[in-house]
Amino acid sequence: MAEQNQNNRRQFWRNRNKGKPNSENDSKDQAPSSKGQSVEGHCKSIHEPGIYVKAFINGLQANLLIDTGATVSLVSNVVYGNISASSKTSVSPVDANILSANGTPLQVIGKTKLDIKLDNRVWCQEAIIADVNVDGILGMDFLRANDCIINIQRGIITILNEEHRIYFEGLRGCYRVTVAETVSLPPASEVIVPGLLCKSEDGCLPAKSGIIEPSEKFSTSSFGCLARTLVRSSESIPLKVMNLSSETKILYPVKEVGKFTPITEVHSLPDLSAVSEASDSNDVPQHLQDILLRCTTSLDDSDNEKAKSLLIRYSDLFAKSDEGVGRTSLVKHKINTGDKAPIKQKPRRLPMQMHKEVETHVSDMLRRGVIEPSTSPWASPIVLAKKKDGTTRFCIDYRHLNSVTIKDAYPLPRIDESLDQLSGAKWLSTLDMNTGYWQVELDDSDKHKSAFVTRQGLYEFNVMPFGLCNAPATFERLLETVLSGLQWNVCLIYLDDIIVYGSTFDKMIENLVKVFDKLQEAGLKLKARKCALFSKQVKYLGHVVSDKGVETDPDKVSAIKDWPQPIDKSHLRSFLGLCSYYRKFIKDFADIARPRHRLTEQSRTFTCTDDCNKAFILLKEKLTNSPILTHPDFSKPFIVDTDASDRAIGCVISQKQDGYEKVIAYASRPLSKSERKYCVTRKELLAVVHFIKYFRHYLYGRKCLLRTDHGSLKWLLRFKDPEGQLARWLEVVSSYDNEIQHRPGKQHGSADSLSRKPCAQCGIYQGWDKTLAS
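The numbering of the sequence shown is UniProt numbering, which starts it at 1 and goes up by one.
Derived by calculation from the structure, the hints in this document are not laboratory data. Among the hints, erroneous ones may be present.
[Said to hold, decoys possible] Under the rule of at most 30 Å between Cα atoms (straight-line distance), these lysine-lysine pairs were calculated in the DSS-like manner:
hint	residue 1	residue 2
1	Lys548	Lys662
2	Lys426	Lys636
3	Lys636	Lys703
Use the sequences and the hints to build the structure in full.
Rendered as structure tokens:
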């Protein structure tokens, strides 16, 4: 009978483990929950009692023992072996002998520099790689250098004035496990039976989960086995019992069947298919496979490896899914309403089919900790908007709240200045935050003001929601704080759009490391799907940027190409607003658009003329065939060409680069009613004065060549004893380092400009003919 039972036991485990890589003695097992359902997990138990802190060592999760008796910091050779090779630095020998607490020498591999991350802060710490039975030890070298204070009562360690949670591990005992009631086990069966976790001598139950293992007596019995399972601590627990005999067996409540051992952590096992796929790409995580493929298609083998190592090193910076939203408290959003009374609005009536979508959105945000139930006196209604892909965007109508909010005047960067800063950049990378606003915490004192009302109840945000009037200013302030010292040098910031640039590939890598380190320290997350790394050409702020220059974004301009003929003033203003965003790409924009602009005047009725239709067609044609504008080179002089007509003034600013004269920007504006009465000379001088002020950021303090097709200006700008408006204008011109050059009209694009002479309106006749003759 004993031999038969043994064979049955072997056959049972053979069938149970078929197709599985682990045996019954491994840590991977079927672990029933309190309801008897099975989950897979990996259990970890720390053997050394003491004070621990959760940390990351070069991106690898670890539990570090805080040891004031250790003079140096150490890392386990096992943990060090699991660190990615790309993030390791050189290992140097250790001269002195390293002794354990009991005085025996430790087996030492060497010492190295490690990045130790606690919460959102990273320290570079020298540690000795040794054979220790903990993940790592923070010794007195670290504790003393960082002014560490351990508060046992609060369970906190303060490091450089920042608090981090610690936990305690002592020597843990085992708890007896019995069946809760008499159970009949059929032959050759596996049954989940109710178990009883016996209390300790002081009448307490363990506070954590634990592993149930068969007791020695039960495991050597002739009829059955108790499966090794992971359960939550509770007086009533499930037991997986197997009867391997050919007879029915009875288990009685008094019989001890197993032992319960508390454990400290439970980790989900990785998906084997995902691990296999990652290993095929040298350990690049699955969520970065797409960006790796996109960013390395044009790289050589050497640069490809550098890019791959960078992604592996900073894999935690990129969200693994849309739900992987970071969280930072460096800047908190405030809703300053002064002494205004709370505004309470009723929920709006929604179509019946949309209520389910609202419930789904609310439940999802509750689960993720984005919102929580509220008792606020404030309440704003919700709005559901359909996206292009057919899904629904959940929005809050904060218009009433915004109307009583004191506005934050924090400035956004000028887009034209940002684009000019990319001069000389050969490599470009754009970064996009993963649901950026939700990574910013709301100030505790203002959370109640964000409350919104649904049919299910009232909720408020824990993070900064979309729709608040000061949200853009807060987000810009956050990123400029995080990337302080890097903006305008290695990267540009515009809300959640970040562009990192470099003159060489290695410089690009270096600059990305600087930016990634800052973002990672702040606890922020990027969306890999919307990032573009190591590119020669990227889309940024509605433009296409490359080492050649700046051009319009075809996706944006296509909207203009397909724009229907405006039918009213509102429609026309929308069209002109979109065109004006790209006006620097169009020579004489103001002159071309003038017939259309006149239609928007309040005193005019909306009536399209032939001139209006021609202007509409010409604007669309100019924009859809716009040139590439060159990046300015601030080491070279600028060329300024100005011109004036009866209706508008215009300017082209350019430079000689690589032997060619290349356009940097166009500018123009219509003349006012009073300016249209100026004589030709005054209009030409107005153009010079206006545009050297307009392009002051290029021209001030630098040499520039001022070219005009109006010969009188060269003399007029040297006029002695000017008065009134002329004196003020000449004072503006004189503050710039200008060389004035007359260029004939044929070269300047205006056939009749050379024939223009000063008139009586300017009051300037003396010496005109003599000046021309000289």
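Given the hinted pair Lys636 and Lys703, is their Cα-Cα distance within 30 Å?
holds (8 Å)
Are the Cα positions of Lys548 and Lys662 separated by 30 Å at most?
holds (11 Å)
Restraint check for Lys426 with Lys636, where alpha carbons must lie at most 30 Å apart
holds (19 Å)
Violated hints: none; the structure is consistent with every hint.
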